[in-house]
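S.K.: This is what each chain is made of:
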Amino acid sequence: MTLTTPPPAATAAPTTAAAKIFNHPRNAWYVAAWDHEVTGKQPLARTVAGVPLALWRNAEGRAVALADACWHRLAPLSQGKILGNELQCPYHGLRYNSTGRCTAMPAQETINPSAIVPSYPVVERYRYVWVWVGDPDLADPATVPDMHQMNDPSWAGDGETIHADCNYQLVLDNLMDLTHEEFVHSSTIGQEALSESEFDVTHEGNTVTVARWMRDIDAPPFWLKNMRDKFPGFEGKVDRWQIIRFEAPATICIDVGVAKAGTGAPEGDRSQGVNGYVMNTITPETDRTCHYFWAFMRNYCLDSQTITTQLRQGVHGVFAEDEDMLRAQQRAIDANPEHEFYSLNIDTGGMWVRQILERMLAAEGRPSAAPAARGGA
Amino acid sequence: MTLTTPPPAATAAPTTAAAKIFNHPRNAWYVAAWDHEVTGKQPLARTVAGVPLALWRNAEGRAVALADACWHRLAPLSQGKILGNELQCPYHGLRYNSTGRCTAMPAQETINPSAIVPSYPVVERYRYVWVWVGDPDLADPATVPDMHQMNDPSWAGDGETIHADCNYQLVLDNLMDLTHEEFVHSSTIGQEALSESEFDVTHEGNTVTVARWMRDIDAPPFWLKNMRDKFPGFEGKVDRWQIIRFEAPATICIDVGVAKAGTGAPEGDRSQGVNGYVMNTITPETDRTCHYFWAFMRNYCLDSQTITTQLRQGVHGVFAEDEDMLRAQQRAIDANPEHEFYSLNIDTGGMWVRQILERMLAAEGRPSAAPAARGGA
Amino acid sequence: MTLTTPPPAATAAPTTAAAKIFNHPRNAWYVAAWDHEVTGKQPLARTVAGVPLALWRNAEGRAVALADACWHRLAPLSQGKILGNELQCPYHGLRYNSTGRCTAMPAQETINPSAIVPSYPVVERYRYVWVWVGDPDLADPATVPDMHQMNDPSWAGDGETIHADCNYQLVLDNLMDLTHEEFVHSSTIGQEALSESEFDVTHEGNTVTVARWMRDIDAPPFWLKNMRDKFPGFEGKVDRWQIIRFEAPATICIDVGVAKAGTGAPEGDRSQGVNGYVMNTITPETDRTCHYFWAFMRNYCLDSQTITTQLRQGVHGVFAEDEDMLRAQQRAIDANPEHEFYSLNIDTGGMWVRQILERMLAAEGRPSAAPAARGGA
Chain A
1 MTLTTPPPAA
11 TAAPTTAAAK
21 IFNHPRNAWY
31 VAAWDHEVTG
41 KQPLARTVAG
51 VPLALWRNAE
61 GRAVALADAC
71 WHRLAPLSQG
81 KILGNELQCP
91 YHGLRYNSTG
101 RCTAMPAQET
111 INPSAIVPSY
121 PVVERYRYVW
131 VWVGDPDLAD
141 PATVPDMHQM
151 NDPSWAGDGE
161 TIHADCNYQL
171 VLDNLMDLTH
181 EEFVHSSTIG
191 QEALSESEFD
201 VTHEGNTVTV
211 ARWMRDIDAP
221 PFWLKNMRDK
231 FPGFEGKVDR
241 WQIIRFEAPA
251 TICIDVGVAK
261 AGTGAPEGDR
271 SQGVNGYVMN
281 TITPETDRTC
291 HYFWAFMRNY
301 CLDSQTITTQ
311 LRQGVHGVFA
321 EDEDMLRAQQ
331 RAIDANPEHE
341 FYSLNIDTGG
351 MWVRQILERM
361 LAAEGRPSAA
371 PAARGGA
Chain B
1 MTLTTPPPAA
11 TAAPTTAAAK
21 IFNHPRNAWY
31 VAAWDHEVTG
41 KQPLARTVAG
51 VPLALWRNAE
61 GRAVALADAC
71 WHRLAPLSQG
81 KILGNELQCP
91 YHGLRYNSTG
101 RCTAMPAQET
111 INPSAIVPSY
121 PVVERYRYVW
131 VWVGDPDLAD
141 PATVPDMHQM
151 NDPSWAGDGE
161 TIHADCNYQL
171 VLDNLMDLTH
181 EEFVHSSTIG
191 QEALSESEFD
201 VTHEGNTVTV
211 ARWMRDIDAP
221 PFWLKNMRDK
231 FPGFEGKVDR
241 WQIIRFEAPA
251 TICIDVGVAK
261 AGTGAPEGDR
271 SQGVNGYVMN
281 TITPETDRTC
291 HYFWAFMRNY
301 CLDSQTITTQ
311 LRQGVHGVFA
321 EDEDMLRAQQ
331 RAIDANPEHE
341 FYSLNIDTGG
351 MWVRQILERM
361 LAAEGRPSAA
371 PAARGGA
Chain C
1 MTLTTPPPAA
11 TAAPTTAAAK
21 IFNHPRNAWY
31 VAAWDHEVTG
41 KQPLARTVAG
51 VPLALWRNAE
61 GRAVALADAC
71 WHRLAPLSQG
81 KILGNELQCP
91 YHGLRYNSTG
101 RCTAMPAQET
111 INPSAIVPSY
121 PVVERYRYVW
131 VWVGDPDLAD
141 PATVPDMHQM
151 NDPSWAGDGE
161 TIHADCNYQL
171 VLDNLMDLTH
181 EEFVHSSTIG
191 QEALSESEFD
201 VTHEGNTVTV
211 ARWMRDIDAP
221 PFWLKNMRDK
231 FPGFEGKVDR
241 WQIIRFEAPA
251 TICIDVGVAK
261 AGTGAPEGDR
271 SQGVNGYVMN
281 TITPETDRTC
291 HYFWAFMRNY
301 CLDSQTITTQ
311 LRQGVHGVFA
321 EDEDMLRAQQ
331 RAIDANPEHE
341 FYSLNIDTGG
351 MWVRQILERM
361 LAAEGRPSAA
371 PAARGGA
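Protein chains in written order, with UniProt numbering: chain A, 1 to 377; chain B, 1 to 377; chain C, 1 to 377.
Do not take every clue at face value.
[Said to hold, decoys possible] With the Cβ distance kept under 7 Å, some of the chain C side facing chain B (calculated, not the full set):
(1) Ala69
(2) Gly93
(3) Ala107
[To be verified] If you want a taste of the chain C side facing chain B, the calculated C-beta under 7 Å gives, among others:
(4) Pro76
(5) Ala104
(6) Met105
(7) Gln108
No wet-lab data here; the hints were simulated from the structure. Since the structure is predicted, the reported quantities are computational estimates derived from the model, not experimental observations. The beta-carbon is built from N, C-alpha and C at its ideal position, and this holds for glycine as well.
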């Protein structure tokens, strides 16, 4: 469905919703870790949607997510030892199996039947370990967001994790409107064409798409370099695209690229261009911090580890510019709890994202706004 | 008017006013920055009386103070770019002129008429940029406190800025009673004569003056060095003076010096002495931090940059001793919210300062005490 | 009296008492410092049971504990100067004698009779300076806990102070159940026999004793080394003991050692073994921090400074492992204020300790639980 009217919040009327601190849905799959981070050697501590977890692999190689606090005295299980199919508490040696049930206690034969720590549903997909911290009866692996480019053989690439000092919603805002590239990333991917060109916003179910085409323009430095990797010595104008696809609650995959100008890319023939996917999925940690997993996948020069590394380093530099901005924005929001926010045309995609998140939170019977900052105002 | 009775608070009765955390008047000029800190190259972030500001110079060279948060998403304008007469937001490129009105928005032709950030009155005087964050209708440049020695050709010298971890009122206390030099600064300017000599307190309008003369004493190390700069090989006794002048809300200029003993300095002939002015002006940042701008100006050896540097370094060392004490005092006040304070004779000047500040705050309809510390007690 | 029934809290029923943040009794002697830390050269700042103190020695060599805040403006006396029998404030020079009475004020002859800072009862015993911050009328030196091994000529050894980031009660828990050695200290003193062997819990008045004997076992590395210090070339099995004695509110002395197996140690003949005392006394600083004073005393090779140093270093390494665990446990308790705690058999000694502390707090008319963490949940 194509957007014909702006979403309710994108009007001239002020809306505090625009920058309030968003709650996160609990009934959702979130990435807890890259698959290689979870091993059978020692557990990994990570907080997902407010829940501290001890992540480990059991003797069958299956990833397990237990609450990171021993039933007995709350010692962190993530500092314990993996013993085959069991995780041993580092303080008094209580052992837990993959379901979280205690199987051994020190100096006693009988085990209290209440001795259980929560174990959370886990799915491994697209090189990530996804965890569901909400109602386990609703945890359907079919609802893991689509990130198939991560391990599809037609695509190659790599990424990193950013620990961002802001509410996850600010990262979604950042990615749903790429106009900011012109100002934040002017030396790499920014260019004036971004704020001058039109864009198209559509939404359907729990997805929102923002598409922008810029025709017959100069390639910015990042893209010129990539064109020359595929077409040595390339010079000339390009057609550039950015097709942003959000899938609730927090995954945004962006189809990006440039092709030689006028060779038919907008109509579907991308053979004279280079194409990448910026894969992003954001995991709320606390109300004011998140884990931001990203990768850059490409469909050319698949075997070149050099290009994989160059692209990862390049995007690393670009995203570092965003980190500073997001941290500053979070601080300003906490310092101005009464600010009335207005939205611009460029915010249309982000406004639809908020609509979907508010619907999900309402279905859980929870408000969309997290509590105001302690120490704000 | 000479003080004939002690101020109400300087009696034997306890007064919590003596060390409560003071509010700061809003209707007042505060120094935001040294003039050279505010440029047309990149904006400066500084918080004045609780208000975060982006300070910059426009194309005419005029200093401008805008609120440091973009109307759109609160991104810090102090991280933006100065483009002639406009400041551009670092996130989405909205531009503001010197009055704070938005003049450009990305990807749209029309500009929301509400798109304004606050712009604050600015005066440049005495090598400082002064800002008024209160009611703009009351911002009269004639009420900027007198610090004329800062750029009067009969005086030479330089200074620095201290970021002090205490309420601004504690710095005022520190400067209104120089008895503390004997204990805090014993290796440089302290001497027993300070607590043994009498002093005279007067007040008029929004000023308070504390004058102390010490006759026929040894010069402490700092002053002996200065006498020898002007009178090579000087030895012997001196007459020493400290005439402290407070001008509300937070400027204290101290006429200090020594002259050869018995040559008539107390009567007005300072020709056989050296004279300096310790120029201090304190800008509240938060309830518990402040910007402390100081300089040391002298009226001899005007052309010697060496002496300017030596004096600045010397005072730097002295004031570092105060910083530690002020931080410790602030911590102790927060930890003892119920403490009943009594005042000594030496506090008379400081008590009159409080009276004037309380009067200013009452005129603004605000209490004199800021909220107690979170985490105190 | 031997325990025949478990203490009330050591049942299958959950008890939030098990890990709540404990208040500390005020009417008790706590170690403020090692005797050598308190000198007549410069005062020592230390907070005991929530009270910031300035500790110093007067001209007679007697240790004095004054509140660390000047009567006048709360400047820290611990940064002042010791002048014979008086302590001088570092800010304005007010002087206090050993009873806390002000004896001199700057620039005035008369001294306000209210000018007093609290002075707390002090006892020097067992190489420590003990302070009583509660009701001074109850401060009886006869109630200082027994730590006579510290300066009894039959024992030799040394120790250190740990600043632990947890409520003092968590350290008591840690020491009352040494099963944790098997998991936390597996490379030095831990061994499986610990959780496999039985133990005996008794209590009387304000003491609790937990005794454990492990017969005919291998000596763990720490003890094997010590046996060989006394019996060069020793090999073979040992009988090992741990006799933990708690004396309220926070002293735990542990009789530890091993002897050649079957030579009669359990029956009282320890001549074929090595014996040490782990001397521990914990001083609450705040609700969530404490000073943990420990020493390791031995009754063999008394003259060897090498062995003293080796033992101090060895225990230092062991206790560093506990520090990490205690900090993690405190953080988890604050993050899980609603957690229901259950106790295991191994917690029996710790449960009796809680009973005694609750009795002491009730006698002071105070609740046993300190306020929940700000920022918890």
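S.K.: Against each hint, give a clear statement of whether it holds in the structure.
M.R.: Hint-by-hint comparison with the structure:
A least Cβ separation of about 5 Å between alanine 69(C) and chain B falls short of the 7 Å threshold, and the interface hint therefore holds. For the restraint placing glycine 93(C) at the interface with chain B, the shortest Cβ-Cβ distance is roughly 4 Å, inside the 7 Å limit, so the hint holds. Evaluation of the alanine 107(C) hint against chain B yields a held restraint, the C-beta minimum of about 5 Å falling below 7 Å. Residue-level restraint check for proline 76(C) holds (minimum Cβ-Cβ distance to chain B is 5 Å; threshold 7 Å).
For alanine 104(C), the shortest C-beta to C-beta distance to chain B is roughly 10 Å, which exceeds 7 Å, and the interface hint is violated. Interface restraint check for methionine 105(C): the shortest CB-CB distance to chain B comes to about 6 Å, inside 7 Å, so the restraint holds. The criterion of a C-beta within 7 Å of any C-beta in chain B is met by glutamine 108(C), whose closest approach is roughly 5 Å, and the hint holds.
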